[in-house]
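K.L.:
As you go down the protein sequences, you meet chains A and B in turn.
Heads up: the first sequence begins at 1 in our numbering, then just goes up one per residue.
Heads up: the second sequence begins at 1 in our numbering, then just goes up one per residue.
Keep in mind the hints are simulated off the structure, nothing from the lab.
Here are the computed distance ranges between Cβ atoms for each label pair:
1. 175/B - 272/A: 53 to 63 Å
2. 31/B - 38/A: 37 to 47 Å
3. 36/A - 279/B: 32 to 42 Å
4. 49/A - 300/B: 45 to 55 Å
5. 180/B - 324/A: 52 to 62 Å
6. 31/B - 82/A: 34 to 44 Å
7. 287/B - 343/A: 54 to 64 Å
8. 183/A - 208/B: 43 to 53 Å
9. 279/B - 296/A: 49 to 59 Å
10. 146/B - 343/A: 45 to 55 Å
11. 300/B - 38/A: 29 to 39 Å
Using N, Cα and C, we set each Cβ at its ideal position, and we do this for glycine too.
Number of protein chains: 2
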Amino acid sequence: MHALFDIPADLAPLAAFLAERLQVVSRRFDDELASDLPPVAALCRHIERYKGKMLRPSLVLLSGLAAHPRAADLPPQAILGDEHTDVAAVCEMVHMATLVHDDVLDEAEVRRRGATINHLQGNEPAVILGDYLFASAYHLCARLQSPEPARAIARASAALCAGELLQLHHRNNHSLDEPTYDRIITLKTAELVAVAAELGAHVAGAAPASQAALARYARLVGEAFQIQDDILDLLGSVDVVGKSTGKDLEKGKLTLPLIHHLAHAEPLAALRTLEILRSIPGGDFRPGTDSTRILEAVEATGSVEYARSRARTRVADAKACLSALPASPARTLLAAMADAVVDRAY
Amino acid sequence: MHALFDIPADLAPLAAFLAERLQVVSRRFDDELASDLPPVAALCRHIERYKGKMLRPSLVLLSGLAAHPRAADLPPQAILGDEHTDVAAVCEMVHMATLVHDDVLDEAEVRRRGATINHLQGNEPAVILGDYLFASAYHLCARLQSPEPARAIARASAALCAGELLQLHHRNNHSLDEPTYDRIITLKTAELVAVAAELGAHVAGAAPASQAALARYARLVGEAFQIQDDILDLLGSVDVVGKSTGKDLEKGKLTLPLIHHLAHAEPLAALRTLEILRSIPGGDFRPGTDSTRILEAVEATGSVEYARSRARTRVADAKACLSALPASPARTLLAAMADAVVDRAY
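Only chain A is shown next, with the shape it has when bound in the complex (with noise of 0.2 Å):
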């Protein structure tokens, strides 16, 4: 597990302690999905290890503390009990399912530096792993005291599979356009985070007003998170981020920088840059060589720098949203995360 972010010396004692509760779900995570198979078992202990930046379980916990009434005179033992512990292992988990499921799809052999499933044990263990993953999600939140939970995460994951769909369509389309870009990423990405966010306050007893304003923040901080990941993948190399990368291209899915580019360059730029992402579905595509190519094409019309603004903006306007909540070491904590989504480099 490796923390998004350094945390601020002044906000040292909280970060113990939600680094201190972010052990208990992880601890609830894999005490949830254990099983008496043995080789049921023995896939879960393997994935125990993609657990990596914990986003979403941090945005449970942060927004219950940031939008708990009381936030301002009980300490945070007071306001994460159980519930707060139930939902943040939930949305871990199935952000988890969407992993497996996605280094299916991506025939990606590497994630957080481990084998993937599908590479070390073919893609069949790999798809119904990610269904018990999702089927374990599920029974826990349908065991929570409130129906919300429950409500919120099947309809996260439902917008979820539908961006997924969204992105699969329009593969190898060359004229995406930064409207449908920004459908898919809200939907494969965004609406989770801000589910996680909602229900940590929601668990919390929050006002509405409090649970829709965290909501907003986290699903812009979702928005800039899944940009940040496209450029990282499209600048990255396997050795900084820790899992495969460049596969966008490879996999004919357009991202915010090359949609830009194609969009600005001059014609003749716009068409080598063509002729190569039409190379791709046929296999005449060159990681090494191509990719190089058009990442410099890409830098030479400003184009990451513009995905790098669009993203940096959301995260500007999500930290305008935690102005509805009273200043507190959460909310705090809160903005400095969204900050830290745009400065990551893995």
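Based on these hints, arrange chain B on the given structure of chain A.
P.N.:
For chain B alone, kept in the frame of chain A given last:
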């Protein structure tokens, strides 16, 4: 949609009512999957044709009718309401999700005489469409008044995945024994069938004893159904069954006839079968010649008949469970359904 069996003439009014309600369930299913995203809507329209025997929805509805405390003096229309429709649609959706993912695992090209999604569009949309079906099922049952259906459906889905993982683990295990086979079919098939019947009774406000009797009945029916499916796969051809068959052998999946055969054949005969089975992982298996040789060997030890007898015993036990319920047309139909499961040739 094909009914599982011809309904006896004296049950005609109930049969007509059931057929009409299954149409309502089918529309509920389609409405719930509807999407404003054209590529998602197109995929969902394609799988509408997969709806087949509607075993699980039928069990939800008939169990509701058979177990309702006032079954004797209320007309069926007064017993079954929207919640039965919803639960029936949910059970079919979860089942359909597993079919779509099974087709990916089996590399099947045909399902209910239509092309599979993976064959038409590749594995990626098939994996995500299955996830979308699961999420939509959970979303629908999470919106019901009672929290019980969401819990039971999620629990059964997790069991189903665990069963599939157990089966994958034992692929090409030529010493798989009958208790492990039983465990696999209970988890991967019978648990969801049991939950369908149990929830039908639960939603009708049935006594816990009636719910439990129907769950036991349906679990046995589900096991018999899977044994019959496995027999049909071994015997079948694509023309009769309407989906790709003979896949179990090719995929190294040992089913009851083969398990019995290997345990009861003369040493030399068992060795000959094992030699063919061992050729499968290396890709040397010849579907026509080798599957015929296996089928002959399996018939020679009476192993297909043995598997049939194991299915018939379960059907008899299932029907015995129904005696916990008062006599009614719905109970008679449930008994007839149990018989139909082992009599079917498709």
